[in-house]
Amino acid sequence: MQANNKNYQTNLTPLIIALLVLAALLFLFAPFSPLVFTSAPSLKYLPYTTTGQIGDTIGGLMSPFINLSAVIVTGLAFYMQYRANKLQVDIFTDQIKQTERQFKQEQLYQEKQNRIQQFESQFFEMLRLHKANVDELTITSVVNGNPVSKRQAFVTMADEFKTFLSYIKFEHLPFIDEYKHAFEIFFWGFNSDYIDIDSLSHSWSRIIDGPNERDYAHPIDFREYKGYSSALGHYFRHLFLMVKFVAYSDVITDYNSQMKYLKILRAQLSNHEQILLFYNWLSEGYGGAWENEENHFFTKYKIIHNLWVGELFQHQYIVDAVNGLIDKYNRNPKETPLFEFQGNDGTLKMKSVGNRSLSNLF
28 MQANNKNYQT NLTPLIIALL VLAALLFLFA PFSPLVFTSA PSLKYLPYTT
78 TGQIGDTIGG LMSPFINLSA VIVTGLAFYM QYRANKLQVD IFTDQIKQTE
128 RQFKQEQLYQ EKQNRIQQFE SQFFEMLRLH KANVDELTIT SVVNGNPVSK
178 RQAFVTMADE FKTFLSYIKF EHLPFIDEYK HAFEIFFWGF NSDYIDIDSL
228 SHSWSRIIDG PNERDYAHPI DFREYKGYSS ALGHYFRHLF LMVKFVAYSD
278 VITDYNSQMK YLKILRAQLS NHEQILLFYN WLSEGYGGAW ENEENHFFTK
328 YKIIHNLWVG ELFQHQYIVD AVNGLIDKYN RNPKETPLFE FQGNDGTLKM
378 KSVGNRSLSN LF
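For the sequence shown, the tail end lands on 389 under my numbering, and the numbers increase by one without skipping.
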């Protein structure tokens with residue numbers, strides 16, 4: 028509107044003022060024109076004595092100036108009327124454009140609000156399904172054969188995987204291979220078609236042949252172990268889908284807004300759920316998509332912020348993985364450290380253990 032203010036001005040322009048002044052001067056000059064033309068020495072040659080009646084002479088001399096003044100004023104009147112009409116049209120046109128712009132802005136705002144509402148509706152529906160998945164979860168402990176349900180199932184699974192890793196801690200395979208095979212059996216079970224036990228090293232004899240009571244205080248026979256893929260597979264897929272839904276949303280694009288929703292999700296994850304999520308990511312070929320070159324769900328969105336490092340299986344390979352996440356996060360840190368155990372010190376790391384003992388990490 029401000030850009031068009033000059034077009035809406037009704038002030039008289041210098042040209043119009045000059046014409047009005049000229050018309051006024053002509054009109055004022057008209058009564059004096061007979062005297063000027065009859066008394067000027069240079070005009071005495073005109074035959075006024077034969078021009079007819081005096082009134083005709085006066086009228087003939089005054090009329091041109093009055094008429095010219097009237098023509099100027101009339102022309103200006105038409106011009107001012109034209110400008111007034113044009114002004115009304117311009118104002119009306121601008122009001123229509125403003126109304127259209129305002130309508131489009133309101134429409135875009137409403138569309139955005141509708142999309143946000145749809146996003147939130149879908150997010151909270153997915154959150155409801157996540158909670159339902161947890162509430163419906165039931166497993167059978169491989170340690171004692173007892174059924175375990177809901178969140179306690181994650182405690183049991185995390186403890187059993189740590190126990191499983193401890194069973195193979197004296198073998199001769201590199202730990203990274205031991206870890207990979209351990210997670211395969213933990214996830215699929217001992218007799219699953221997805222793994223080939225016979226192809227594994229003979230160093231797995233304690234698992235293949237069963238535990239030796241002389242070696243273990245609490246021997247566990249993993250040969251009947253069925254795995255937790257039925258419990259964890261759907262759980263991990265749905266959780267990954269939720270995080271990806273927020274992280275790659277074209278509706279909620281601001282990082283702080285994304286974190287608002289992901290913090291709600293993270294608040295639903297118990298500490299042992301986050302431990303299993305970390306184990307899942309660390310296992311090759313399973314949960315690697317949680318944190319890689321494309322996705323940064325751990326280091327950018329802090330999905331395992333509440334990771335209990337003291338409850339993790341103690342091995343330098345795991346320590347290095349945790350500290351590697353910290354180093355990656357610190358290249359582009361946010362306001363708070365990556366993990367809760369760091370407190371306010373973003374440089375604090377998980378202490379090295381140097382072996383595979385189950386002593387405290389700190």
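Do not take every clue at face value.
Claimed, not checked - Once the Cα atoms are required to be at most 27 Å apart in a straight line, the calculated DSS-like pairs of lysine-lysine come out as:
1) 207 / 139
2) 189 / 287
3) 189 / 177
4) 271 / 139
5) 327 / 287
6) 177 / 290
As the list claims (entries may be wrong) - Between beta-carbon pairs, the in silico distance windows are:
7) 378 / 170: 20 to 30 Å
8) 95 / 40: 19 to 29 Å
9) 116 / 139: 49 to 59 Å
10) 271 / 351: 21 to 31 Å
By construction, these hints were calculated from the structure, which means they are not laboratory data. For every residue, glycine included, the Cβ atom is placed at its ideal position computed from N, Cα and C.
Tested hints:
For a cut-off of 27 Å, the pair hint linking residue 207 to residue 139 is broken: about 45 Å separates their Cα positions. Proximity of residue 189 to residue 287 is assessed by CA-CA distance (about 33 Å); at most 27 Å being required, the pair is judged violated. Taken as a hint, the residue 189 and residue 177 pair is honoured in the structure, with Cα atoms around 20 Å apart against an allowance of 27 Å. With a C-alpha separation of about 20 Å, the suggested pairing of residue 271 with residue 139 holds against the 27 Å cut-off.
Between residue 327 and residue 287 the alpha-carbon distance is near 13 Å, which keeps this suggested pair within the 27 Å criterion. As the CA atoms of residue 177 and residue 290 are separated by approximately 21 Å, the hinted pair is consistent with the 27 Å bound. Look at residue 378 against residue 170: about 29 Å separates their beta carbons, and that is inside 20 to 30 Å. Distance hint check for residue 95 and residue 40: the Cβ-Cβ separation is about 21 Å, which falls inside the suggested range of 19 to 29 Å.
A hinted range of 49 to 59 Å is violated for the C-beta pair residue 116 and residue 139, which are about 34 Å apart. At about 22 Å, the CB distance of residue 271 to residue 351 agrees with the hint of 21 to 31 Å.
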